[in-house]
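**Student:** Residues per chain are reported as follows:
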Amino acid sequence: MALYELCIIVKNMPKASTVSAVKRIADSILDEGGYVSKFESLGTQELPFKLSIHGQIHTKGNYFLINFVAPPTAVSEILDTCRREIDVFRPGVTKIEPQQHSQCTLHEEIQFPSFRPEVLKMIQEAKSRLPKHLKKKGELKKTVIGYNPF
Amino acid sequence: MAMASNVRFFGSARIYYRGRNVFLGNHLNAAGVAKALCSTSTGINNTNNISSEGSPDAPGLVTWKSSKAEQILVEKSEKDMPIEMPNPYEREKVCCILCKYNINLNFKNVRLLSQFVSPYTGKLYGRNITRLCRRQQEELEQQIRKSIAAGYMAAKMKSLDFLKDPKLFDPSNPVRPHNY
Numbered sequence: 001m002a003l004y005e006l007c008i009i010v011k012n013m014p015k016a017s018t019v020s021a022v023k024r025i026a027d028s029i030l031d032e033g034g035y036v037s038k039f040e041s042l043g044t045q046e047l048p049f050k051l052s053i054h055g056q057i058h059t060k061g062n063y064f065l066i067n068f069v070a071p072p073t074a075v076s077e078i079l080d081t082c083r084r085e086i087d088v089f090r091p092g093v094t095k096i097e098p099q100q101h102s103q104c105t106l107h108e109e110i111q112f113p114s115f116r117p118e119v120l121k122m123i124q125e126a127k128s129r130l131p132k133h134l135k136k137k138g139e140l141k142k143t144v145i146g147y148n149p150f
Numbered sequence: 001m002a003m004a005s006n007v008r009f010f011g012s013a014r015i016y017y018r019g020r021n022v023f024l025g026n027h028l029n030a031a032g033v034a035k036a037l038c039s040t041s042t043g044i045n046n047t048n049n050i051s052s053e054g055s056p057d058a059p060g061l062v063t064w065k066s067s068k069a070e071q072i073l074v075e076k077s078e079k080d081m082p083i084e085m086p087n088p089y090e091r092e093k094v095c096c097i098l099c100k101y102n103i104n105l106n107f108k109n110v111r112l113l114s115q116f117v118s119p120y121t122g123k124l125y126g127r128n129i130t131r132l133c134r135r136q137q138e139e140l141e142q143q144i145r146k147s148i149a150a151g152y153m154a155a156k157m158k159s160l161d162f163l164k165d166p167k168l169f170d171p172s173n174p175v176r177p178h179n180y
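Here the protein sequences come in this chain order: A and B. For the first sequence, position 26 (counting from the first letter as 1) is numbered 26 according to UniProt numbering, and the numbering increases by one without interruption. For the second sequence, position 15 (counting from the first letter as 1) is numbered 15 according to UniProt numbering, and the numbering increases by one without interruption.
So that you can see chain A by itself, here it is in the shape it has in the complex (with noise of 0.2 Å):
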């Protein structure tokens, strides 16, 4: 069981019919096993573009948020339920994890190329792929003085 956010866009009717369709939403997810913890609301807004769904064409939405916790098994089959949904458009469903913040890379980015640790690695895949005739024989085995002397 994982907790999960479900973003739908719900048509522009009177409270009465949004109220039953984000409600059908719920009890869809209860069928596969799951609990509903959070509703959001972001109320009703005019859409970034037009979008034609089901034969009609919208421009205003009421945009909802449903925070619930259910078997990542149960996932696929509630989007499918909102699919089928004429009222409900652009469901979207994220799992919820705390954010991990990891070490900025910036400053090893901007350094010159051929000290860049990405470019370094592009270097070294290079030579890996080098035909054999081409590629540099392994170093010569050490002596008791160091170095090679020839």
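Label pairs and their computed distance ranges (CB to CB):
| hint | chain 1 | residue 1 | chain 2 | residue 2 | range |
| --- | --- | --- | --- | --- | --- |
| 1 | B | 88 | A | 118 | 28 to 34 Å |
| 2 | B | 106 | A | 36 | 20 to 26 Å |
| 3 | A | 23 | B | 175 | 49 to 55 Å |
| 4 | A | 132 | B | 104 | 44 to 50 Å |
| 5 | A | 111 | B | 80 | 36 to 42 Å |
Think of the hints as simulated: they come from the structure by calculation, not from any bench. Ideal Cβ placement from N, Cα and C applies to all residues, glycine included.
Position chain B relative to chain A; hints supplied.
**Tutor:** Chain B in isolation, oriented as in the chain A frame:
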């Protein structure tokens, strides 16, 4: 005898042990001995011959073997070694603006994503202009794609509400020059 040269040596040690009923053989307080060592070096070489505890002439005599003296010297020199610490003259590492302030990119935060989008073409600026590190730029691309797919952000233009937002970088002053 070497008594004359040793008087100063033992004298200082005696001062340290004044008031203490200590008859020393090979048992030493390193700190006390270190003080004495500073003043002379000849004393050390001559200690082999000097009598040990219980001498009636000088009850506070300090005696030791030369190996012990060496040990003390080595310890002292080790204490003088440079301390391990981070380079105090190290320059501050250059950091991209999102990493510096620990900002999380989210597909719902359309305003933040739009700050990296051109108001002329509606397209995302490249890494040479936004000055973000590789990881953050990739994350930004992903989140913009997500938000367009979810119907939060426009694909071909920057929202008019966001045109007056503060500029995070100067598009006409890129790191690598562009033709525009």
